[in-house]
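Asker: Each chain is listed here by its residues.
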Amino acid sequence: MTFFLEQLIIGLSSGGIYAIMALALVMIYKSTGHVNLAQGEMAVFSTFIAWTLVQTGMPLWPAILLTVAVSFVGAIVLERVVVRPFAEADDLVVVAVFVGLFLSIHSLAGAIWNYEVKPFPSAFSDGSVSLMVDLSIRTHTLGSLVTTGAVLTAVWIFFRYTQLGLALRAAADNRESSRLVGINVSLMLALGWGLAAGIGAVAGVMIAPVTFLDPGMGLAPLIFALAGALLGGITSPFGAALGGLIVGVLEAMISAYVPYGIEFRELIALMLILSVLLVRPAGLFGEIVARRV
Amino acid sequence: MSYALELNDVTASYGHGSILHGINFAVPEGEVTALLGANGAGKTTTLRAICGMIETGGEVRLFGEDITGKSPDAIARMGVAHVPDGRGTFTGLTVMDNLRLGALIAKRRGNFRRSLDRVFDYFPRLKERMGQHAGTLSGGEQQMLAISRALVSEPHLILLDEPSIGLAPVIVKQLFGILEQIAQDAGVSMLLVEQNSNLALKLASNAALLEVGNLVAQGSAEALSQNQDIARAYLGDGAGAEAGA
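Same order as they appear, the protein sequences are chains A and B.
In this text, residue positions in the first sequence follow numbering that gives the first Met the number 0: the first is 0, and each later residue adds one.
In this text, residue positions in the second sequence follow numbering that gives the first Met the number 0: the first is 0, and each later residue adds one.
Pulled out of the complex, with its shape left as it was, chain A reads as follows (with noise of 0.2 Å):
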């Protein structure tokens, strides 16, 4: 039972992390119509920059601070110099965009950081917490589940009560009748970018001393946030933040309990994406989007 218990908070810790990915992703989505594939690349820059801050010296809490205020910024020109050009583009092409990107951002992390392997350091105390008899769970899981709720509700309360809030989301609801009441439309994309790349710069600086930091960190926590969005629904945030939590239970799960679990969470993540595809393509929260062609 303890083992059990272990297993759901580590789950869920990095469940958090792949619910704030998932937001991350719904928050382009619900505005734009893509995936920003190149999420977890950003994620992965923007701790870079944390570490490189942590480096130089900087205590760890203001250099995430302030790597999230840098990404926010950086997501900001990322969208109005290589996204805004193609906004009316074809599908395809957008994934091509979608795709350089990705592979840019994640060369340039690797020319600038090397493809070393680094430790990344814990935002809180090293060991662990005894919650019970028997059961004891490392600080870092703990503080990462605590610190991406937080998140969590404080982008709930700011969309759901803030004016900007619900700017942002009348602009991804209706473009047109946003202008007519007043909201500068093209301001509000590039918020959600920087909103987005802001709430994954958190989720990187989680997620780094668990997997540690390389350029290629990002890909798997993409793909696990990715099936947690689809699970929930791509079009609701707060489906997609409870994929999120669902798929990182489930990967705890199975690397525990599964032989050989640990090898192919990957495939689980994929094979959820798929089965949701398939069976439920608006996941459980989200609205079916029709299409007229």
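There's no promise every hint is true.
[To be verified] Derived contacts from chain B toward chain A, CB cut-off under 10 Å, selection only:
# : residue
1 : MET52
2 : SER70
3 : ALA73
4 : ILE74
5 : PRO83
6 : GLY87
7 : THR88
[Unchecked claim] One side of the interface only, derived from the structure: several residues of chain B facing chain A at Cβ under 8 Å:
#  : residue
8  : PRO71
9  : ASP72
10 : ARG76
11 : HIS81
12 : LEU92
13 : ARG99
14 : LEU100
15 : GLY101
16 : ILE104
17 : ARG148
18 : SER152
19 : GLU153
Derived by calculation from the structure, the hints in this document are not laboratory data.
On a predicted model such as this, the values are computed, not experimentally measured, just so you know.
Where is the CB? At the ideal position from N, CA and C, for every residue including glycine.
Got chain A; can you put chain B on it based on the hints?
Answerer: Using the frame of chain A, we list chain B on its own:
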């Protein structure tokens, strides 16, 4: 007389197709002006040109200020509330969020509660539907929501694009009753685009008549509705029955 809106030699086109060939008319401040015409005459295009939603030539003046070439959101922030063709509902958002969006640009922030009470007075049905997704509303309710969204923005000028379209005659009658009340209560200037001319001319004090991108007549609503030639040629004799008058 001062004008809420003046159009001087306004042209508009979609791509290569020219839709408006230089039209001139004005909306007097605090009054309702009807813009009439058959299908395809360019009524909706005129509204879109006013709001900067399409490529526009000539000159559009809002309370004397030239707004030609400004972006739709900038024009909205200047106090122009456009109730568009198709109602422009934010279908994935709740009725309440739709109304909050209308109030984003209201000058006096603290007034939202009062504005809300006012639109719920006009349309009690919306109050019952407050937490519902706006996409689940009926056509009539969505029209009410669109008008309410315009009202809570505390506009100086409201542009209404065929509010009667697709609605049952009894709902249309109700809606125009409320529009009349709004025009009286608020003293807001309105430009009303309608195919249902008899209905529109009853509400409006002035009217202009469009025919394939050209303005062919304008004057007081009374004069326009009594001019037999115009009535026969452009407004249609049978319009009275259709209006449910």
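Asker: Which of the listed hints are broken here?
Answerer: As far as the earlier hints go, only 19 is violated by this structure.
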